[in-house]
Amino acid sequence: GAGVSQSPSNKVTEKGKDVELRCDPISGHTALYWYRQRLGQGLEFLIYFQGNSAPDKSGLPSDRFSAERTGESVSTLTIQRTQQEDSAVYLCASSLGGSADTQYFGPGTRLTVL
Amino acid sequence: SQQGEEDPQALSIQEGENATMNCSYKTSINNLQWYRQNSGRGLVHLILIRSNEREKHSGRLRVTLDTSKKSSSLLITASRAADTASYFCAPLAQKLVFGQGTRLTINP
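Residue numbers (the numbering used here), protein chains in the order written: chain G, 1 to 114; chain P, 1 to 108.
Don't take each hint at face value.
[Unchecked claim] Not everything, but these chain G residues come out facing chain P in the computed CB check (under 8 Å): (1) GLN41; (2) GLY42; (3) LEU43; (4) PHE45; (5) PRO61; (6) PHE65.
For the record, the hints were derived by calculation from the structure and aren't laboratory data. Cβ coordinates follow ideal geometry from the N, Cα and C atoms, glycine included.
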């Protein structure tokens with residue numbers, strides 16, 4: 001079956017603009033995660049959705065970052081008033097359930113803020 | 001958070017040789033997994049080893065786990081150019097935390 005998909009694959013934007021990144025999880029997966037990976041660095045957790053529960057937003061770095069998920073399907077990560085330090089690869093993952101099931105990652109969106 | 005730390009940071013070998021990467025972690029775990037990342041993009045799940053397992057095989061991959069030493073190793077046998085990637089370990093958790101990984105380069 002299809003894996004996790006993300007769009008766009010690359011996004012170049014100017015400082016101060018808003019961007020919206022999209023993630024389509026694997027069908028049937030109830031949990032969805034967003035991570036950020038800066039160049040040469042490890043993974044930073046951003047936000048976690050599990051079913052209809054309130055999302056875990058503990059990793060969002062500032063109030064410029066927000067995310068939504070429609071039911072158990074598509075999620076969008078929005079970054080408002082982008083800054084150069086927001087440049088990174090944004091990775092989405094989904095898992096069958098929560099509770100530490102294996103997470104399967106999408107190809108990521110490479111965001112470059114000029 | 002539960003984070004794995006990979007060692008070495010970089011490894012360069014000839015095609016056909018075996019590559020061994022190590023992972024250490026600090027907290028008690030139930031399971032540990034290894035991922036591969038090509039060209040800084042998507043992460044591919046390679047293998048999961050449970051805390052009651054000491055060794056697990058998958059194709060050319062062999063993973064060991066020593067819970068008493070809080071360490072794991074990933075062995076790739078008969079390496080190929082396509083194995084060139086960064087490799088990460090992480091305890092299975094709701095919020096994955098990766099270190100900087102081991103950057104493996106396979107030279108032709």
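How the hints compare with the structure:
Proximity of G/GLN41 to chain P holds as hinted, the smallest CB-CB distance being about 7 Å (cut-off 8 Å). A hinted interface residue such as G/GLY42 counts as satisfied when its beta carbon comes closer than 8 Å to some beta carbon of chain P; here the least separation is about 4 Å, so the hint holds. Evaluation of the G/LEU43 hint against chain P yields a held restraint, the C-beta minimum of about 4 Å falling below 8 Å. Interface restraint check for G/PHE45: the shortest CB-CB distance to chain P comes to about 4 Å, inside 8 Å, so the restraint holds.
Hint on G/PRO61 is violated. Least Cβ distance to chain P is approximately 14 Å, over the 8 Å limit. With 8 Å as the threshold, the beta carbon of G/PHE65 stays out of range of chain P, its nearest partner Cβ sitting at about 16 Å, so the hint is violated.
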